[in-house]
Amino acid sequence: MLSRASQVRVLASVARTTPRAPRTAARQSDARSDAASLSLSYTKALFSTSRSSHLFPLTYLSHSPVFLDKVASPDSSGVIPAFRLLDGQGHVLPEVPEEWKKQLEEVPEETWVKLYKSMMFLPALDTILASSQRQGRISFYMTSYGEEGVVVGSAAAWSPTDEVFAQYREVGVLVWRDYPLSDLMAQVFSTVSDKASKGRQMPVHYGSPAHHFHTISSPLGTQIPQAAGAAYSLKLSPERKGDCVICYMGEGATSEGDFHAGFNMASVLGGPVVFFVRNNGFAISTPAAQQYKGDGIAARGPGYGIETVRVDGNDPLAVYLASKEARRRAVEGQKPVLVEAMSYRVGHHSTSDDSSAYRSTDDVSSIKKLDSPLFRLRSYLEARNLWSSELEEATKVEQRKSILRAYAGADKEKKPAWEEMFGGVYGDREDGGLERHLKEQKMEVKRLIGKWGESDMWKKDLERHDGGIEAVKKW
Amino acid sequence: MIASTSSRTFTRSLLGCSSCASPRRTLLPPLPHLAISSTRLAIGGPHQSRSSSSSGPAGMPTVATSSLLSTTREAALHTHGLRWRDDESIHPPTKDPDGNIVPGSVPTFVEPSAEDLISVDQGGRETKKMNLYQAVRDAMAITLSKDSSSVVFGEDVNFGGVFRCTMGLADEFGSERVFNTPLTEQGIAGFGIGLATMGKTAVAEIQFADYIFPAFDQIVNEAAKYRFRSGDQYNVGSLTFRSPCMAVGHGGLYHSQSPEAYFLQAAGLKVVIPRSPIQAKGLLLSAIRDPNPVIFFEPKILYRSCVEQVPVSDYQLPLSSAEILQEGSDLTIISYGPPLYTIEGALHLLANPSEDIQSLVPRDLRGLKVELIDLRTIMPYDIETVVNSVNKTGRCIVVHEAGKMGGVGSELAAEIQQRCFLKLEAPVQRVTGWDTPFGMIYEKMYLPDQVRVLDSIIETMRY
Chain A
1 MLSRASQVRV LASVARTTPR APRTAARQSD ARSDAASLSL SYTKALFSTS
51 RSSHLFPLTY LSHSPVFLDK VASPDSSGVI PAFRLLDGQG HVLPEVPEEW
101 KKQLEEVPEE TWVKLYKSMM FLPALDTILA SSQRQGRISF YMTSYGEEGV
151 VVGSAAAWSP TDEVFAQYRE VGVLVWRDYP LSDLMAQVFS TVSDKASKGR
201 QMPVHYGSPA HHFHTISSPL GTQIPQAAGA AYSLKLSPER KGDCVICYMG
251 EGATSEGDFH AGFNMASVLG GPVVFFVRNN GFAISTPAAQ QYKGDGIAAR
301 GPGYGIETVR VDGNDPLAVY LASKEARRRA VEGQKPVLVE AMSYRVGHHS
351 TSDDSSAYRS TDDVSSIKKL DSPLFRLRSY LEARNLWSSE LEEATKVEQR
401 KSILRAYAGA DKEKKPAWEE MFGGVYGDRE DGGLERHLKE QKMEVKRLIG
451 KWGESDMWKK DLERHDGGIE AVKKW
Chain L
1 MIASTSSRTF TRSLLGCSSC ASPRRTLLPP LPHLAISSTR LAIGGPHQSR
51 SSSSSGPAGM PTVATSSLLS TTREAALHTH GLRWRDDESI HPPTKDPDGN
101 IVPGSVPTFV EPSAEDLISV DQGGRETKKM NLYQAVRDAM AITLSKDSSS
151 VVFGEDVNFG GVFRCTMGLA DEFGSERVFN TPLTEQGIAG FGIGLATMGK
201 TAVAEIQFAD YIFPAFDQIV NEAAKYRFRS GDQYNVGSLT FRSPCMAVGH
251 GGLYHSQSPE AYFLQAAGLK VVIPRSPIQA KGLLLSAIRD PNPVIFFEPK
301 ILYRSCVEQV PVSDYQLPLS SAEILQEGSD LTIISYGPPL YTIEGALHLL
351 ANPSEDIQSL VPRDLRGLKV ELIDLRTIMP YDIETVVNSV NKTGRCIVVH
401 EAGKMGGVGS ELAAEIQQRC FLKLEAPVQR VTGWDTPFGM IYEKMYLPDQ
451 VRVLDSIIET MRY
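Here the protein sequences line up with chains A and L, keeping their order. Residues 1 to 475, numbered by UniProt numbering, are exactly what the first sequence covers, in order. Residues 1 to 463, numbered by UniProt numbering, are exactly what the second sequence covers, in order.
The hints are simulated quantities; they were obtained by calculation from the structure and are not laboratory data. Incorrect hints may appear among the rest.
[Stated by the list, open to error] Calculated pairs, PhoX-like style, for lysine-lysine (alpha carbon to alpha carbon, straight line, at most 25 Å):
1) A:Lys101 with A:Lys70
2) A:Lys415 with A:Lys473
3) A:Lys117 with A:Lys460
4) A:Lys114 with A:Lys293
5) A:Lys460 with A:Lys414
6) A:Lys415 with A:Lys439
7) L:Lys95 with A:Lys195
8) A:Lys368 with A:Lys414
9) A:Lys439 with L:Lys95
10) L:Lys146 with A:Lys241
11) L:Lys369 with A:Lys235
12) A:Lys446 with A:Lys415
Note that the coordinates shown come from a computational prediction; the quantities given were computed from them, not determined experimentally.
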């Protein structure tokens, strides 16, 4: 800490200099060199660096007020540019610097192919499960249409042991991590094999410690400060050195107080975490324009002292490389980094939503046609002779088959035993049993089922579960 | 100390159950039962004439003079339900993939024995005079030193905390393990959940219970449901919230609240409230080590005023277990936290009414045998102890500072009505705060004081 006297000296010397010139110049030249290392004009990314010393709240003095309404960016447009490598047709843009072209080539070919196959898998899965919801076989579903590049492109950049805290539209991460399709179906169908929630949570609320994927919960934004805590835990754990926490959220969730809490805590307390915002333009019916007035979410990062990059979410290559770089910075700096991926939610919010009530279907179909992450990556792969129409067809058939096989398996399975309704509320007592009141209530269920179980009101429902009425009688 | 420890270890190995899960006794004969362990309030007894240090008729016990407190080493070492925790690790037992408990991973609890009472020089257990904040600090210091994965955090905890509960901990254990957070309760709660789900022992402080509500979503929707919703794959059992609660004399709306009942419906959560330093240390250590998220509310009025001899060793007191502070056959009074001392005062008034109230206190009630119960754990609470008592006495009063409607008293009254219906000879009374916000200068009439408790006793007995 500076003494009071030296603080005054510093203040005075800062005050003597022209108010903004030196610092602004330094910031801009740094930002320029950062940006230059990433891309030029059309394809730009900005990793800003916080360098305030916090000796005292004022970092410089001015003799007249300075009002800001925009985030400073290298081209002074006031808008943070999105990092992009591919054009809408999947061609590498001519302006992309050699360095990035080289990086693209250094990525193993099988990574790109796996990325594309995993992206393909999502619409295949979504189409089947969304229609099964329509048939009443499952109660609820949420598709990933339009965000395949955002989710799988980023998933490919993480290490397999990175801890993922997701919102709910990130099943692509599990697909990338080879989460068994049978487990996925078991969760969606709430079968006796549902390890992720034992039939306790709605469909798409996946979770798997084996895949370092923390169980999804419906309340929005709650995972953000949790991810900050998990990152701090990694910082304290030498045995997890090199691992990172990844926290996904939509742009709507960033309006929650937990966003502010989580970003600020992660920034102040440190620990490796990549906050990954899927900005798909809509939170259910609310367009982003009614969600915030600033320059998206990326503009908020520097305010928390968090390095930030914005990326074109429909460009899986850019998402992959930017995410990889973000992760590298988070781990090396043991600090948070923010990635905002711009995309478009092509599907409805969920199976309980008809998005034509608040946006035109023409808009959706034109975006689907003009800017598809799948199409972009496929063209790129075909240009590099890594993909073909034959492979496309064969993969489609194979994926559909495996999904339908898992689907049929799950559809036939029983629901979890009724016992699971009371399990897991509390950890086991020392005697291995349930808490007193739950034991009593469980016995009350046993009594009721013993008395009314065979009635038409209950029988069918009871028998759908593993062990049925007989299992309950043995409690 | 060393001699004693090794002799205890020797006893354990003789018994061949160093990894045995169940509590057990040593081979030594049990101690003669001390009077304090079951009947602490000798109403009207000679020692009750100690002078009171605050308002109220002369001789009326206060927190400073309460007979509920253990002021001697002997009494402290024989705290009811106390079990020593002499092993080095505090982690819960580990389970193999089949769900069986791995032998050797079970915590070793030791029942208090005669050898604890021998002098400290000869290896007996040491006790130290502590107030409540010192006892809380002691519990955290033990946690931090035994459990390398534990961290303590919250607003202003680094310099020692606004109530001094974390004094010196940052110096002793490092600022990476005892640290300040930004001023955000929802953030603190979420951050703690993140730590706990990664296997860290997280002790989070919410500066006042009044400010726990911004964290309500994280606590109720997230922490409480974490294990259940993930099919037992993830849990935040190693998370504990500590928070100062209840009235303090001049706290007004936002430094006085008792929010425990708000959490009654949050299945998966535990809520614990201690009444004294010995209780605070033992219950807090149990809360931190319990495989569930626990909210530990610390009555802030007791932080400095409540002083006991507290065992220095690591020990625990059981959760979900009420304690009978005084046995009786005529009336059951149930409470938790500071109102227990108010009730003690009311019972003194009942036995020795001062001149001005003698006409209001029926003579035949002066020898009333009251059973006083400290609930200790609010959720899941110990209904058995309560029901056994009410079935014996036939009458019951519940006392708490929080408002009446939807309070803990409502829950208890409903359960007692259902379980003791045929034995009840009077309606279950609730003596509580009123259903208003906590108005600052109205505290005297807002809180259930000695007079209101006394009146409730008379009304219940006269029903």
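Hints breached by this structure: Numbers 1, 3, 4, 8, 11, in rising order.
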